[in-house]
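As they're listed, the protein sequences go chains F and A. The opening position of the first sequence corresponds to residue 1 in this note's numbering, with each subsequent residue numbered one higher. The opening position of the second sequence corresponds to residue 1 in this note's numbering, with each subsequent residue numbered one higher.
It is worth saying that the hints were derived from the structure and are not from the lab. Small disclaimer: the values here were computed from a predicted structure and weren't measured. Note that CB positions come from ideal geometry on N, CA and C, so glycine has one too. Among the clues, some could well be false.
Partial chain F-side listing against chain A, Cβ under 10 Å, derived [unchecked claim]:
no.	residue
1	17
2	24
3	27
4	28
5	32
6	33
7	34
8	36
9	41
10	45
11	51
12	56
These are the residues of each chain, in order.
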Amino acid sequence: MKKHRTKKNCESSGESQVSELLILPDGQILVHNLTPAFAGLLHELNPDDEHISSRVTRHMSPHL
Amino acid sequence: MIRSTISGLPSVNAFKRNATGFGLRREAKRHAALIGADEVFKSGVAAALCHRSPKSRAFLARERARIARAMLADCRFCAHDCGVNRVAGENGLCHAGAEARFFSAQIEVSDELELIPTFAVALSGCDLRCDFCITGASSWNPRAGTGFDTHAMAAKARAALQGSARTIMVLGGEPTIHLPAALEFVSLLPDTARLIWKTNAHGSAQAHELLDGMFDVWLADFKFGNDTCAQRLAKVSDYVRGVEENLRWANEHSELIIRHLLMPGHLDCCWQPVAEWLAGNLPGVKVNLRSGFWPAWQAARHAELQRTVSGPESARAVDLAQRLGLNLIP
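Can you build the whole structure from these sequences, using the hints too?
Okay, here's the thing in structure tokens:
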């Protein structure tokens, strides 16, 4: 298992955003504190993943 | 929507029936007088709140924050019921001081679909000691992170609501131990904002009175199905009774979503009794069964927690939920 910590600068505040992910030997990815930016990245990697795509959709259409 | 509105605060008589639970010490009274909140000691928390004419959530939150700050001198916000004077530097089991700190504040999309995107503010410190806590370093240490400037954070939250955020979530650690700061934060937010209280459901009756009507949704953990696992993994006693009491209260006073983090090797001892209790006592309540456990923090101290949840375990857990008719939500 590999643990990663990702940071991305927040455009509005200048503060960093953090997501943490754990990549399992079978290819599964567990994510903690998933930010919209990182959800978008994961969605690009696997557009067929329903767990991620539903969260990306929510982010893009926040008032649904 | 808030099911129990601000006009639904307990009556003065209702408070008097429970008044013995609110015995505050002399230091607390002195501190309250200094900050102008002495009425709470004359007539009790609910009475102090009730005789005013409530105008808005923000107004009530401001009043309650003042009372909560006075209560720091005899802190009984959580079920540990320590009674320490946090203003004077005494430490209870959470080790939190009088001022809150935070270790994360950002828009997130990993919570329940109906809540995201949420602007999530994580306050440092917690009253539990879960060895598997995924934010253990900050949750176990109330001095972690940055000082919680309520005005600055409220400005960020309002900006988030103007952008993509649909809700604002206050979490920890455990936010109950920082009620004064949390309520001050609420007092600076629009009444129309949808607010989420993410909690370990280990709060006291005093905390409930202060929180009544403040948050639209309680997102509450039910972590352990028995007191033995709770004591071994989170060093908390009398866990199940306290959580059940909290969940019943939350279900009557707000929208409620209950989370259970499925742990490897804890289906029979934890998930099954939790699921059965939910089916029998809170039928129809929204339940989010989380299967993304990973062996974080000090989980390695426990042999069964050194791995993730297997596919068959996860499937069995969902099957049990479905057989019991639980209202699972994504």
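Do the hints match the structure? See the list:
Taken as an interface hint, residue 17 of chain F checks out: its beta carbon lies about 5 Å from the nearest beta carbon of chain A, inside 10 Å. With 10 Å as the threshold, the beta carbon of residue 24 of chain F comes within range of chain A, its nearest partner Cβ sitting at about 6 Å, so the hint holds. With a least beta-carbon distance of about 13 Å to chain A, the hint placing residue 27 of chain F at the interface is violated under the 10 Å criterion. Interface restraint check for residue 28 of chain F: the shortest CB-CB distance to chain A comes to about 8 Å, inside 10 Å, so the restraint holds.
Interface hint at residue 32 of chain F: satisfied, since its Cβ lies 5 Å from the closest Cβ of chain A, which is below the 10 Å cut-off. For residue 33 of chain F, the suggested interface contact is upheld, since its CB lies about 6 Å from the closest CB of chain A, less than 10 Å. Hint on residue 34 of chain F holds. Least Cβ distance to chain A is approximately 4 Å, under the 10 Å limit. At its closest, the beta carbon of residue 36 of chain F sits 5 Å from a beta carbon of chain A; the interface hint therefore holds under the 10 Å criterion.
At its closest, the beta carbon of residue 41 of chain F sits 12 Å from a beta carbon of chain A; the interface hint therefore is violated under the 10 Å criterion. Because the beta carbon of residue 45 of chain F sits about 16 Å from the nearest beta carbon in chain A, more than 10 Å, this interface hint is broken. Using the Cβ-Cβ criterion of 10 Å, the hint placing residue 51 of chain F at the interface with chain A is satisfied: the shortest such distance is roughly 8 Å. With a cut of 10 Å, the hint placing residue 56 of chain F at the interface with chain A holds, because the nearest CB-to-CB distance is about 8 Å.
In summary, the structure is inconsistent with hints 3, 9 and 10 from the numbered list given earlier, while agreeing with the others.
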